[in-house]
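Asker: So the chains spell out like this:
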Amino acid sequence: MREFSVLIHREPGLEGQWVAHCLNWDLVSQGESPANAVKMIVEAIVLAIVEDAKEGLDPNDRPPAPDDLWKLFANTQQHGTRISPGDVDTLAAQTGEPVIAAVMYMHQIHAGERFVRADEVLSSAPPPFMIAALGDDRAST
Amino acid sequence: MAARLRRIQVVASEYGITIAPPTGGGSHWMAKKAGHRTYPIPAHRGENSEIGDSYMRGFCRNFGIDPAEFRSKL
Numbered sequence: 001m002r003e004f005s006v007l008i009h010r011e012p013g014l015e016g017q018w019v020a021h022c023l024n025w026d027l028v029s030q031g032e033s034p035a036n037a038v039k040m041i042v043e044a045i046v047l048a049i050v051e052d053a054k055e056g057l058d059p060n061d062r063p064p065a066p067d068d069l070w071k072l073f074a075n076t077q078q079h080g081t082r083i084s085p086g087d088v089d090t091l092a093a094q095t096g097e098p099v100i101a102a103v104m105y106m107h108q109i110h111a112g113e114r115f116v117r118a119d120e121v122l123s124s125a126p127p128p129f130m131i132a133a134l135g136d137d138r139a140s141t
Numbered sequence: 142m143a144a145r146l147r148r149i150q151v152v153a154s155e156y157g158i159t160i161a162p163p164t165g166g167g168s169h170w171m172a173k174k175a176g177h178r179t180y181p182i183p184a185h186r187g188e189n190s191e192i193g194d195s196y197m198r199g200f201c202r203n204f205g206i207d208p209a210e211f212r213s214k215l
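Protein chains in written order, with the working numbering: chain A, 1 to 141; chain B, 142 to 215.
No incorrect hints appear here.
Chain A is nowhere near these chain B residues, computed Cβ spacing over 12 angstroms in every case:
(1) Arg147
(2) Arg148
(3) Gln150
(4) Ser154
(5) Glu155
(6) Tyr156
(7) Gly157
(8) Ile158
(9) Gly187
(10) Glu188
(11) Asp207
(12) Ala209
(13) Glu210
(14) Phe211
(15) Lys214
Using 30 angstroms as the maximum straight-line C-alpha spacing, the simulated DSBU-like pairs for lysine-lysine come out as follows:
(16) B/Lys173 / A/Lys54
(17) A/Lys54 / B/Lys174
(18) A/Lys54 / A/Lys39
(19) A/Lys39 / B/Lys173
(20) A/Lys39 / B/Lys174
(21) B/Lys173 / B/Lys214
Just some of the chain B residues that point at chain A, by a computed CB distance under 8 angstroms:
(22) Ala143
(23) Gly167
(24) Thr179
(25) Glu191
(26) Ser195
(27) Asn203
In short, the hints are calculated from the structure, not lab data.
Glycine is no exception: its CB is placed at the ideal position from the N, C-alpha and C atoms.
Put together the whole structure using the sequences plus the hints.
Answerer: Structure (C-alpha cells):
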C-alpha cells in the first residue's frame with residue numbers, strides 16, 4: 001500500500017468547487033464535492049504514475065508541495081475532528097472554512113513493466129482507504 | 142482567479158507547454174514540456190472547464206513559472 005497525504009478545501013473564487021491536493025507529489029485536482037475531489041485526485045495520481053512510467057521516471061521523485069501546506073495538513077490532523085470518509089461531504093458543508101486532512105492508502109500501481117491505461121487501473125483497483133480529519137481553516141492558521 | 146482551460150492553453154503555449162486531451166482514459170487533460178514532469182489538469186468539461194487558483198499555483202511550480210506572471214497573462 002502507498003500512503004498519500006491529501007489536503008481538501010473549497011476553491012476560493014470558484015463557486016461549488018473543491019480542491020484535493022496530493023502533498024506528496026504536489027498534484028492538484030478539483031471536484032464538485034470533497035468526495036468528488038478525492039476521486040479526481042486519485043485519477044491524477046494514477047495518471048502521474050502512468051505518464052512517469054512512459055518517460056522512465058519514478059513518480060516518488062516528484063517534488064512535494066510547499067511547507068506551508070504540510071503545516072496546515074499536520075495542524076488539521078492534530079486539532080481537527082476525526083470523521084468517517086462517508087460523512088465528508090455532509091460535515092464539510094456545515095463548517096465555515098473547512099479543511100480536510102486525509103491520509104489515503106492506495107494499492108501500489110506498477111506501471112513500469114507495461115504502460116497501462118489510467119481508466120483500466122481505475123476500474124480494476126479497489127478504492128483507496130482513507131482516514132480523514134476535519135478542521136476549520138480560520139481556526140488552524 | 143479562476144480561468145477557463147481554453148485560455149490557460151493559450152498562455153501555457155507561450156511557455157512551451159502543450160496541453161492535450163486525455164488519451165489514456167479519465168477526465169484530466171495533460172500538460173507537457175520537455176524536461177518537466179507531465180502534469181494532469183482537472184478538465185471535466187473539456188476546454189470550458191474552469192480551473193482554480195490552487196491548481197494553477199501547482200501547475201506553475203511544476204513548470205518553474207512565476208505564478209503572478211502567468212496569472213497576469215490570463
